[in-house]
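> Protein chains in written order, with my numbering: chain A, 1 to 483; chain B, 484 to 545.
Since the hints were derived computationally from the structure, they do not count as laboratory data. Keep in mind that a hint or two might mislead.
[Claimed, not checked] What follows is a list of derived Cβ distance ranges for each label pair:
| no. | chain 1 | residue 1 | chain 2 | residue 2 | range |
| --- | --- | --- | --- | --- | --- |
| 1 | B | 511 | A | 298 | 56 to 64 Å |
| 2 | A | 108 | B | 515 | 36 to 44 Å |
| 3 | B | 515 | A | 114 | 17 to 25 Å |
| 4 | A | 335 | B | 515 | 43 to 51 Å |
| 5 | A | 296 | B | 511 | 30 to 38 Å |
| 6 | A | 379 | B | 529 | 39 to 47 Å |
| 7 | B | 511 | A | 107 | 17 to 25 Å |
| 8 | B | 511 | A | 7 | 36 to 44 Å |
| 9 | B | 534 | A | 102 | 14 to 22 Å |
| 10 | A | 257 | B | 511 | 53 to 61 Å |
| 11 | A | 114 | B | 534 | 38 to 46 Å |
| 12 | B | 515 | A | 285 | 51 to 59 Å |
| 13 | A | 251 | B | 529 | 45 to 53 Å |
[To be verified] Below, computed lysine to aspartate or glutamate pairings styled on EDC-like, alpha-carbon distance capped at 16 Å:
| no. | chain 1 | residue 1 | chain 2 | residue 2 |
| --- | --- | --- | --- | --- |
| 14 | A | 68 | A | 24 |
| 15 | B | 522 | A | 468 |
| 16 | A | 23 | A | 55 |
| 17 | A | 295 | A | 468 |
| 18 | A | 241 | A | 114 |
| 19 | A | 264 | A | 292 |
| 20 | A | 349 | A | 337 |
| 21 | A | 349 | B | 519 |
| 22 | A | 349 | B | 511 |
[Claimed, not checked] Only some residues are given here: those of chain A computed to face chain B with a beta carbon under 7 Å:
| no. | residue |
| --- | --- |
| 23 | 33 |
| 24 | 36 |
| 25 | 335 |
| 26 | 338 |
| 27 | 340 |
| 28 | 342 |
| 29 | 343 |
| 30 | 346 |
| 31 | 347 |
| 32 | 366 |
Bear in mind the structure is a predicted one, so any value in this text is a computation, not a measurement. For every residue, glycine included, the Cβ atom is placed at its ideal position computed from N, Cα and C.
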Amino acid sequence: MAQIGSDVFFSTIGELNARLVAKEISAVELARAFAERLEQLGPRYNALALGLRQEAIRQAQDVDKDIKRGRLRGPLQGIPYGVKDLLSYAGQPTTWGAKPYAGQVFDYNATVIDKLDGLGAVITGKLSMVELAGGGGYRYASASLTGPGLNPWDRTRWSGGSSSGSAAAVAAGLVTFAIGSETSGSIVTPASFCGVTALRPTYGLVSRHGAMALSWTLDKLGPFARSAEDCGLTLQAIAGKDSHDPGSAGKSFYYTPQYARPMKELRIGYAPVDFTDRAEPPARAAFAAALDVLKGAGAQLVEIQWPQFPYGAVLSTILAGEQASIFEPLIASGKVEQLADKAQIAGLKASLDLRARDYLKAMRIRRLIQQAFSDQVFTQVDALAAPGRSGPAPKIDQPLLPLPGAAAPSPAAAPRGPAGLAGIIQAGNLAGLPALVLPCGFADNLPVALQIAGAPFSENLLLSIGRDFQSHTDWHKRRPPGV
Amino acid sequence: MKLTRRQVAPAILSPAIVIAQTAAPSPDAELTAARERLKSSADALSAAAVPMDTEPAFQFKA
Numbered sequence: 001m002a003q004i005g006s007d008v009f010f011s012t013i014g015e016l017n018a019r020l021v022a023k024e025i026s027a028v029e030l031a032r033a034f035a036e037r038l039e040q041l042g043p044r045y046n047a048l049a050l051g052l053r054q055e056a057i058r059q060a061q062d063v064d065k066d067i068k069r070g071r072l073r074g075p076l077q078g079i080p081y082g083v084k085d086l087l088s089y090a091g092q093p094t095t096w097g098a099k100p101y102a103g104q105v106f107d108y109n110a111t112v113i114d115k116l117d118g119l120g121a122v123i124t125g126k127l128s129m130v131e132l133a134g135g136g137g138y139r140y141a142s143a144s145l146t147g148p149g150l151n152p153w154d155r156t157r158w159s160g161g162s163s164s165g166s167a168a169a170v171a172a173g174l175v176t177f178a179i180g181s182e183t184s185g186s187i188v189t190p191a192s193f194c195g196v197t198a199l200r201p202t203y204g205l206v207s208r209h210g211a212m213a214l215s216w217t218l219d220k221l222g223p224f225a226r227s228a229e230d231c232g233l234t235l236q237a238i239a240g241k242d243s244h245d246p247g248s249a250g251k252s253f254y255y256t257p258q259y260a261r262p263m264k265e266l267r268i269g270y271a272p273v274d275f276t277d278r279a280e281p282p283a284r285a286a287f288a289a290a291l292d293v294l295k296g297a298g299a300q301l302v303e304i305q306w307p308q309f310p311y312g313a314v315l316s317t318i319l320a321g322e323q324a325s326i327f328e329p330l331i332a333s334g335k336v337e338q339l340a341d342k343a344q345i346a347g348l349k350a351s352l353d354l355r356a357r358d359y360l361k362a363m364r365i366r367r368l369i370q371q372a373f374s375d376q377v378f379t380q381v382d383a384l385a386a387p388g389r390s391g392p393a394p395k396i397d398q399p400l401l402p403l404p405g406a407a408a409p410s411p412a413a414a415p416r417g418p419a420g421l422a423g424i425i426q427a428g429n430l431a432g433l434p435a436l437v438l439p440c441g442f443a444d445n446l447p448v449a450l451q452i453a454g455a456p457f458s459e460n461l462l463l464s465i466g467r468d469f470q471s472h473t474d475w476h477k478r479r480p481p482g483v
Numbered sequence: 484m485k486l487t488r489r490q491v492a493p494a495i496l497s498p499a500i501v502i503a504q505t506a507a508p509s510p511d512a513e514l515t516a517a518r519e520r521l522k523s524s525a526d527a528l529s530a531a532a533v534p535m536d537t538e539p540a541f542q543f544k545a
C-alpha cells in the first residue's frame, strides 16, 4: 500500500494521474484518503455538505480495474473531486444549502457529474454553499444550512460565496478540484478570498442540467482547481452541448495549450485606478506586482475606458425577476421563512413585486452591454485584467448588506476620480464572458487574486495567460497554515 | 447563598438577548429595505437611454 503524504492532497491533476497510471498509488487508496480527509477537515471550515466515501471507493475500484487492463480515459481518471450542493447526485440529498430543501433527493445526476463519471473522476463529497446560491441577497455569511463558510487561511474570515465549500475544500487540500457555480460573483469571489485558481466559463458552455436554477440567463458552472492547467483539463471534461439545458451554446471545448499565442502578442486592458485607489491599501502591493508579472512576460498593458452602464442595477433587476419566478412556490408556501438570513427572506419576497417593464428594460440594456463589449472592448484588447475582489476576505460577522435604515455611504467616503472597471463581475456576467481567477499574493496574511476576463469562448486564451502567470509565480501553490 | 446554573443563566444571557433583539431589524423593515433596493435599481434603469429598436436579450447567447 502506497504512503499518502500531505503532498498528495495538494498535487495537481497531472501529478496524481501520472502516479495512478504508473501504479505507484491506487485509485482506491486515493479515494479513501481524500474522502476521510474531507469528512475530518471539511466541518472545520463548514465546507462539507455530504460525504460520499462508500460511493467514492466503489467508483475507485472500477477505476483501478480499468487502469489494470490498460483502459486509460484521460487525466481525470481516478482524481477525487467535490461538487457544490446545488448539483443533483442521484439518490443522495441535494439541499441547495437551504433548510426548506434539506430532505430533497433527485433520481438523476447533473450532466457535469455524469460527464466526470464517464472519464473516471471520483466524487468524494458535496460541498457547502450559501443558501439558494444567495438568491434574494444575504446580509451575513451565516446564510447557509451548514453555517458560515470559514476561510482555510483564517477561520475568523469568510470563505466567500456562494460557492463557499468548493473554494475552501480546494484551498485546504480536501479535493483536487471542485465544481461551483456563478450567477454574479459566486466563483470569482470565493476563489479570490481562498487563494484558489478558478474559471467562470462563457455562458452556455457548460450544461446546467441538474443544477439549481437561480437565473436562467445568468447561471454558469465552472471549476476550482490548483492551477490554470487543471482548470483547462476540467473544463474540457465538463463542457459541451446538452439538449437538456435550453441555455446550452452547443459548443465543445478542447483544451489546447499547444496553440497558445505568445504573451508578447497580447493586449490586456486594465484601469490603473482598480489597482491603486479602488483597491484596499493592504492589497495594493500584491496587485501592482501582479501587473508587473504580466508586463514582464511581454503582454502589452493598455489603459482602457469602460462602457458606462448601470451594471449593478441591470443585473439585480434581471436576477430579481428570474428568481421571483423560480422561487415563487417557496415564497407562496411560507417555507421561505425557514431560510437562515432575514434579509434574504425579504429580498425574495420583494422580488415578487418587480415590474415587467423594469425586467424588460434591464434586458434591453443588457443587449447594449453585450454589443458594447463586442464592438468597443474586444476590438481594442484581447482580455481585461482587474482585481478578483478589491481586498481580502472580510470577517465572518461583517454585514454584506447595509442594515435597513442605515445611512447611505457618504459621497465623501467613496473613491474619487475615474470609475475604472468597477462592476466587472456584474458586467462580465451580463455579457456572458469567461473569467479566470489567479491568486496573486497576500494582504494581511490573506490571499488576494487577479481576474482575467475575455470575449465569449476565449477560455483557451485566458488559460494561456494564466499558465504563463503561474509559471512566473507560486501563489497558487501556497498552502493555508495547519493543513 | 448558592445559585444554580439555571438561576444564573438569565442574568448572564439577558443583556445579550436585549442587544440582539434591538439590533435585529423587524421583518417589515427588512421587506421595506428590500423593496427600496429594487426601486433604486428601477430608478437607475429609468435614467438609462435605450434606442427604441433595442430588443431585450430574450434568447440570450454569449
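> Which numbered hints turn out to be false for this structure?
3, 4, 5, 6, 7, 8, 9, 12, 13, 15, 16, 23, 24, 25, 26 and 27
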